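J.: The chain contents come next:
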Amino acid sequence: MTEEIIIAGFGGQGVLSLGKILCYSAIMQNQEVSWMPSYGPEMRGGTANVTVILSDERISSPVLKSFDTAIILNQQSMDKFVNEIKPGGTLLYDPNGITRHPERKDINIYKIQGAALATEMGNPQTFNMIIMGGFLKVKPIVLLENVKKGLEKSLPERHHKLIPLNIEAIQKGIENVETVLAL
Amino acid sequence: MGDIRLMKGNEVIAEAAIRCGCDGYFGYPITPQSEVMETLMIRRPELETGMVVVQAESEVAAINMVYGGASCGKKVMTSSSSPGISLKAEGITYLAGAELPALIVNVVRGGPGLGTIQPAQSDYFQAVKGGGHGDYKLIVLAPASVQEMNDFVELSFDLAFKYLNPALILTDGVIGQMMEKVELSEFKPRWTEEEIIAKSGTWATTGKTADRERNISTSLDLDSAKQEIFNHKLQAKYRAMQENEVRFEKINCDDADYLFVAYGSSARICQKAIEIARKKGIKVGLLRPITLFPYPIKQIQEMLGQVKGILSVEMSAGQMVEDVRLAVNGKVPVEHYGRYGGIIPTPDEVVEALEQNFLGE
Amino acid sequence: MTATTELKNIINEENVVYKKTSVLLDNEMHYCPGCTHGVIHKAIAEVIDDMDIQEKTIGVSPVGCSVLAYNYLDIDWQQAAHGRAPALATATSRLMPEKYVFTYQGDGDLASIGCAEIMHACNRGESIVVFFVNNAIYGMTGGQMAPTTLEGQVTATSPYGRDCQTTGFPMRISEMLAMLPGTRFVTRESAETPGAVRKLKKAIRKGFENTRENKGISFIEIVGTCSSGWKLSPVKSNEWMKENMFPYYPLGTLKDE
Numbered sequence: 001m002t003e004e005i006i007i008a009g010f011g012g013q014g015v016l017s018l019g020k021i022l023c024y025s026a027i028m029q030n031q032e033v034s035w036m037p038s039y040g041p042e043m044r045g046g047t048a049n050v051t052v053i054l055s056d057e058r059i060s061s062p063v064l065k066s067f068d069t070a071i072i073l074n075q076q077s078m079d080k081f082v083n084e085i086k087p088g089g090t091l092l093y094d095p096n097g098i099t100r101h102p103e104r105k106d107i108n109i110y111k112i113q114g115a116a117l118a119t120e121m122g123n124p125q126t127f128n129m130i131i132m133g134g135f136l137k138v139k140p141i142v143l144l145e146n147v148k149k150g151l152e153k154s155l156p157e158r159h160h161k162l163i164p165l166n167i168e169a170i171q172k173g174i175e176n177v178e179t180v181l182a183l
Numbered sequence: 001m002g003d004i005r006l007m008k009g010n011e012v013i014a015e016a017a018i019r020c021g022c023d024g025y026f027g028y029p030i031t032p033q034s035e036v037m038e039t040l041m042i043r044r045p046e047l048e049t050g051m052v053v054v055q056a057e058s059e060v061a062a063i064n065m066v067y068g069g070a071s072c073g074k075k076v077m078t079s080s081s082s083p084g085i086s087l088k089a090e091g092i093t094y095l096a097g098a099e100l101p102a103l104i105v106n107v108v109r110g111g112p113g114l115g116t117i118q119p120a121q122s123d124y125f126q127a128v129k130g131g132g133h134g135d136y137k138l139i140v141l142a143p144a145s146v147q148e149m150n151d152f153v154e155l156s157f158d159l160a161f162k163y164l165n166p167a168l169i170l171t172d173g174v175i176g177q178m179m180e181k182v183e184l185s186e187f188k189p190r191w192t193e194e195e196i197i198a199k200s201g202t203w204a205t206t207g208k209t210a211d212r213e214r215n216i217s218t219s220l221d222l223d224s225a226k227q228e229i230f231n232h233k234l235q236a237k238y239r240a241m242q243e244n245e246v247r248f249e250k251i252n253c254d255d256a257d258y259l260f261v262a263y264g265s266s267a268r269i270c271q272k273a274i275e276i277a278r279k280k281g282i283k284v285g286l287l288r289p290i291t292l293f294p295y296p297i298k299q300i301q302e303m304l305g306q307v308k309g310i311l312s313v314e315m316s317a318g319q320m321v322e323d324v325r326l327a328v329n330g331k332v333p334v335e336h337y338g339r340y341g342g343i344i345p346t347p348d349e350v351v352e353a354l355e356q357n358f359l360g361e
Numbered sequence: 001m002t003a004t005t006e007l008k009n010i011i012n013e014e015n016v017v018y019k020k021t022s023v024l025l026d027n028e029m030h031y032c033p034g035c036t037h038g039v040i041h042k043a044i045a046e047v048i049d050d051m052d053i054q055e056k057t058i059g060v061s062p063v064g065c066s067v068l069a070y071n072y073l074d075i076d077w078q079q080a081a082h083g084r085a086p087a088l089a090t091a092t093s094r095l096m097p098e099k100y101v102f103t104y105q106g107d108g109d110l111a112s113i114g115c116a117e118i119m120h121a122c123n124r125g126e127s128i129v130v131f132f133v134n135n136a137i138y139g140m141t142g143g144q145m146a147p148t149t150l151e152g153q154v155t156a157t158s159p160y161g162r163d164c165q166t167t168g169f170p171m172r173i174s175e176m177l178a179m180l181p182g183t184r185f186v187t188r189e190s191a192e193t194p195g196a197v198r199k200l201k202k203a204i205r206k207g208f209e210n211t212r213e214n215k216g217i218s219f220i221e222i223v224g225t226c227s228s229g230w231k232l233s234p235v236k237s238n239e240w241m242k243e244n245m246f247p248y249y250p251l252g253t254l255k256d257e
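Chains as they are written, first to last, in full-length UniProt numbering: chain R, 1 to 183; chain F, 1 to 361; chain W, 1 to 257.
Since the hints were derived computationally from the structure, they do not count as laboratory data.
Mixed in with the good hints there might be a few duds.
[What the hints assert, rightly or not] Taking lysine to any residue and the SDA-like style, the derived pairs with C-alpha atoms no more than 20 angstroms apart in a straight line are:
#, chain 1, residue 1, chain 2, residue 2
1, R, Lys153, F, Arg5
2, F, Lys280, R, Ser66
3, R, Lys65, F, Ile343
4, F, Lys279, R, Ser55
Values in this document were obtained by computation on a predicted structure and should not be read as measured data.
Okay, chain R solo, but in the shape it has when bound (with noise of 0.2 angstroms):
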């Protein structure tokens, strides 16, 4: 198994966050990850985006143009990266701010109504653990016990005691997935 992801959205949404506790969560299962983000003047305020490989063997290319999935949060994201989605493969996003949504007939769509949840529980910053739900839902690749352990290696010992509520959002997420079009 292989798995190429591009998570893309505006900094501060918790994309490369989102990548690295996808990675630590891979790790505890005993597989090889690689998370390459982009860096510079981008980081900025701009978007900010972030390829993560999961696989079981060694990971060839960190950099790609192509992928099996996309977690697509904010509208410059979409246009950049709709068309690089493998026939065949996967979307997910947040149709918050969505303007131009995706009208490719060859790719599975999911959407996740990210933001709007994360204000309903009250804590804007249970964001991207709301979208890892809904990509562990449309991608059972990760185990939710293993997430959990991800959680632990990756948050340092003072914010454990945010792990249920990261577990809370990420239920959230699973329960929250819409189908959009399914292969």
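Use these hints to put chains F and W onto chain R, whose structure you have.
T.: Okay, now just chains F and W, sitting in the frame of chain R:
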């Protein structure tokens, strides 16, 4: 299983330095490698191992601090990115001329000039052919993964002390900025003063005791005859490195009709290109030089009876390809494919370049 | 008693009134007649001997006439690239805090190409001693203009006299560095008379002692002569120094905390 972490290449350089008993790091911030010094400052190794970390006023000062520390027989290092390495060139040639061991890390970005902060491999010539003045060589290691960023720190120090010569880790923004799973090395204590005297007492400036002549750390000899003899000694050392220290990796080479030669992040991209090409029925393999000096000349030559064409893939306008051509010496066609200025080639482009050059498409 | 036995009786330890310190090696110095470097070398060597710190002292030599200082003092030495001695000394003293580390630099090395390194070593308050020999000229390369060359002074690159309108003004480095909080002891000395050398040696000792306390850098400027560069006899050089250098570079301690 050891200490497994998910870390950035740059962070791992810092962690590996602490763990291998490095005595001092001297640096100056520059993108895309500032995480090295930042990680050290957060880790506070001075409290843990006694390692000294100094933010110098310039790259020039940093490399000269390295010269001072290396002169004391200490394990010292610096890191920078391309424009900063140009500034360090003076200190690097002095280190080579004074036969001092040290580690320099270059997380390469696109050039020339201020260039870009995105990844590139356009400092190959600077790393393996000189950079500073005079006939000198560095031991140059090119990691292709975060794990190798960890492993090559200690290896570089070992080689630097074995040959009394500076070693350089030549990497780029891809390997520096990406996170991968890494098994960190075990902690090793820093050398004690007694150990340093036992190991390097014949040259290190640890204080002149009554039982020995004074030690002088210098690259100066105004007597040309002596300077020539010294240069012979350096060249013999470089030949010994070529004989003993070549490191490389071969991937899918056994049945290969064509060969990629690529190092560092380009090698990773070529591995993906191999997957794509082989699905199309093109039997291509990869020879990945791990040491760029000494270069795996023989290992390339061993492939010549087998392959019909070699593609050197680099994030440069064609630098390493010259060493491939020197090794091949016209026996099979050698072509270059490169992207530069901070653009990373895609695996598909690489396959296309292979097809265009050798498969008549 | 024969004359020989009389002589033998005289040459014994109790009668020794002066002995060259063994820290100063017997190698013939390459300095020109009248040059101040030899006197300063000897003063440093004598203080190292007096303080019994030969085994713990590391010198850093510059590029300039004193590049070969390592041939004259019997201690461990590092030879720095032009201007970079304070960077070497920074690392050396940080990595071996129990040692006595000093740099020995001329005006071209310290005040021109090495301005950043000395400024920042001083600003960081490194526990080192800096000997700054100011003779207002580049000696080794053949008498070119230095940052400390006086207005109107003739050198190989200011053959009609230094014109401050186009070449800037002679830099008073000690005054500049004394302003930095990282400097603890800044003094300007000379070495043209036995009295001056005695004062210089006191300053050298204070500098080395200061390094034990981690309270900042000790900067000792020594105004010296360059007979060859100035194209004057040794005696005339001393006169020229007193008449021209001392008024612009006044001797004395600028800072002692």
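J.: Look at each hint and say if it fits the structure.
T.: Okay, the hints, checked on the actual structure:
1. Of the pairs offered as hints, the one joining lysine 153 (chain R) and arginine 5 (chain F) holds, with about 9 angstroms between alpha carbons and a cut-off of 20 angstroms not exceeded.
2. A threshold of 20 angstroms between alpha carbons decides the hint, and for lysine 280 (chain F) with serine 66 (chain R) the separation of about 17 angstroms falls inside it, so the pair holds.
3. The straight-line distance between the Cα atoms of lysine 65 (chain R) and isoleucine 343 (chain F) is roughly 12 angstroms, inside the 20 angstroms bound, and the hint therefore holds.
4. For the suggested pair lysine 279 (chain F) and serine 55 (chain R), the alpha carbons sit about 19 angstroms apart, so the restraint of at most 20 angstroms is met.
Taken one by one, the earlier hints all hold for this structure without exception.
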